[in-house]
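Starting from the known structure of chain A, arrange chain B with the ligands on it as the hints suggest.
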Amino acid sequence: MKVLDQKTGMDRRAFLKVSMMASGALMIGVNWASAALANELDGSTWIPNLYVRIDRDGKITIVSKNPEAGQGVKTAFPMVVAECLEVDWHDVNVEQAPLDDRYGRQVVGGSRGTPDGWDDLRIAGTGALHLLTAAAAGKWGVSAAECSAASGTIVHKPSGKSAAYHTLLDIAAKLPVPDVSDLKLKSRPEDFKLLGTFVPGVDNPKIVTGQPLFGCDTRLNGMLYAVFEKCPSFGGKVRSANVEKIRKLPGVTHAFVIKGTENLNGLMPGVAIVAKSWWEANSARNQLQVDWDSSHADSTADFNARAQVLSKEQGETLRADGNVEKALDSADKVIQSSYYYPFVSHANMEPQNCTARYHESGRMELWAPSQNPKSGRSLVSGTLGIPEDRIHVNLTRIGGGFGRRLRNDFMVEAAWIAREVGRPVQLQWTREDDMRHDFYRPAAWHHFQAGIDGNGRMTAFDHHFITFGKNGETISGAGLSPDHYPAGLVQNFRLRQSVIEANVPTGPWRSPGHSAYCWAYQSFFDELALAAGRDQLEFRLDLLSRSYGKPPLNLERTSGTLRVAAEKAGWGRKLAANRGLGMAFHYDHGGFVSHVAEVVAKGSKIQVEKVWSGIDIGPVINLSGARNQVEGCVVDALSTAQLEITFADGATEQSNFSDYELLRIDQSPEIECHFIQSDFPPMGLGEPPIAPATPAIANAIFAATGTRIRELPFNRSGISV
Amino acid sequence: MSKVTLKINGESHLLDVPPDMPLLWALRDTLNLVGTKYSCGIGVCGSCIVLIDGVPTQSCVMPAAGMAGMEITTIEGLAPNGDHPLQKAWNDVDVPQCGYCQGGQILTAAALLKQNSNPSDKDIDEAMYGNLCRCGTYPRIRKAIKLAAQYAAKAGVES
Ligand code: FES
Ligand code: FES
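These protein sequence lines map, in sequence, to chains A and B.
Residues 550 to 1270, numbered by the working numbering, are exactly what the first sequence covers, in order.
Residues 330 to 488, numbered by the working numbering, are exactly what the second sequence covers, in order.
Extracted from the complex, chain A is given alone in its bound form (with noise of 0.2 Å):
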């Protein structure tokens, strides 16, 4: 084995380099020449690198760096480790990182966790591993290419000798760190013992028993409540509020305006009430009166109308291949069709709320359930003015993240309101300040028109697509990109846009954009296979089997997954009347998915029966998890396809679970996945799956009631589930 020599220059700085280089930019998570944890020993434990820690009674521990929010990471990442070092993972034992620098991206968002964390976990195991094993060789006098690892042992087969990891620390930590180009990782499924297998979430002990772990379970010495009224009204300012009415209420400790920032995203104006409990803070606001300076009055109606207008327009195009209007004039028939659907809502289980503790030296203290904890800390420090190292993050576990939980706007308020109380203080917005003062998945209308040749072939298909922004520029999470398919799969293809002016705060929600707008490709694709009188899974595999520059997906990959889900479901079988197969398939945030759904109907009413999926993301690393995410996706899109948030006077018109009624348990149907283990790098699974599985419902249910859906909520076709 070759370790490191130090005089050639390759010292721990070296490593680190040479890791960045061998791994891309993000690879500075496995900080091997940081002082206090480069391989050595800390009192009784072994610190090998950020990720791992071995103690001389034998404990082991993985260190997961990202929030977890219900995705599982912090199962999914400690695995990868485990894998590689060669524990077993009942011998395991996962910390939480805090947010720290020396991690790289703390962030739950965008399915990055697993393809970015896939090289830093895997040389952390690997590493560490490396280090023990020359230990053992060199105490042995043998080559540590004789030697093996297994379940926490390094064994030395010829010899018959072996040392279990907590009895080789002293020497591990007193050797080089290795070259990460020495280390041989493990990529391949064959490869994995315990990567691909069925593992419980770590925090389930807990969960199942009711212990402390999400950002409103946080308790601290002295804590007090806080309610923080915003204006109904986006960007509302306070005129005036009763806060001496409020302060003299029960239990109330403090009742005070802040004044704010303009940035939707950040400290809004509102009104602060400080209390003994939770529930003094909230009744008293109860009599707050606030006087607002609201300008903005935003409505869905008026949306609506402006959308109507501007869809009698051309918009600006944004991609042209051929001659799209020439090739409609040629084309054998010719199929319209718009698509509409609402904004809707993040509506996280938990609400949002954050902890503070502002501490007299000048440092903050924040314990926040957020995807981005990172931009929050720098959130905090600018509005607040405090320098970023004065503030510690604790990452708490997350009650459900989707994206909204990438903005940060709970975080600057409880930092806020702590300073200006001087305790620590717990912000818990009410159910109804969630669902009013979330950053939406905008609305947005699709106008198709396509063009199909004598053979059942699309040749043209021309795309105007209506959606939100501010000064001409899509908002956030309102954009299409210019490359989406069915661009590359058709010769004729333009997409023109249009932008309707909103000041409602709009944002990523889970699989930004694709969650929308792949039900509105991949219907449109049912109607024009219906009209080419193609069979829906021949029309789409016809449609992957060519490309026209630049293929805009792996086309052999998506196909993959089309058809093993085709397969599963049994596609072509003979059905009852009432029943129905639909299909779709879908590529985003570096997954391929695919789904066929069965549904039944009962007049108007339609049970989802089953939904069989075809997955393609590399190597699965957590088979629970995997499924979990899936399962998840299908239940989002069933439950999210039948809700919608509307705005009259700039503000939001639904308020609660009752009036945003997510599905229930009766209406969930049972999904089965297939993964198609390739050997691409693994890819995350919180967002693949959602976008294709709305098509696939709304496909089966036209195929059970031949009503094509072309406007969600799914009610205003006059289905409900």
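These are calculated hints, taken from the structure and not from any lab test.
Treat the hints with care, since some could be wrong.
[Unchecked claim] To give an idea of the interface, some chain B residues facing chain A are shown, with a C-beta separation under 7 Å as derived from the structure:
#, residue
1, V363
2, G411
3, Q416
4, Y429
Just so it is clear, the structure is predicted and the values come from calculations on it, not from any experiment.
Cβ coordinates follow ideal geometry from the N, Cα and C atoms, glycine included.
Below, chain B with the ligands alone, put in the same frame as chain A:
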């Protein structure tokens, strides 16, 4: 303020709470029993469910001051070491995603299994109707309740 003695998880607690304070907030803020979760506050989501004399009840709409003498079981008290058949099944099936709703789900399921040791899908759907799960763990909840019923039957045979 109202003084009330509550019997929670077999222990008596003397509380001094605002007369209209729901049990949910008495548990969370006064007693630091944070396993019971707030989500809707209007009785429609089931996150805050506790068992009151064995009956699943939304603690967000029940004033604590009126609950003297009743047996209150929170998720912390179901089986503190986590060995209730439902808790085991919940882990083995790996039901939780974010986990926020799961305390309420488990307590509701516990009341179901008390009355019906072998529930069908339909029985489960009816009993669990009041418990929302934003993450969509419903298929696994069904599975876990059935598995827990098996665990309980097996334990019954053995003991
Ligand atoms: S919080 Fe009580 S039912 Fe929703
Ligand atoms: S597990 Fe997240 S709400 Fe149920």
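- For the hint on B/Q416, does the least C-beta distance to chain A fall short of 7 Å? Since chain A brings a Cβ to about 4 Å from B/Q416, closer than 7 Å, the hint holds.
- Given hint B/G411 near chain A, where the shortest CB pair must fall under 7 Å: holds, 5 Å
- Should the hint that B/Y429 touches chain A count as held when the rule is a Cβ pair under 7 Å? holds, 3 Å
- Do the numbers back the hint for B/V363, that is, is its least Cβ distance to chain A under 7 Å? holds, 4 Å
In this structure, every one of the numbered hints holds.
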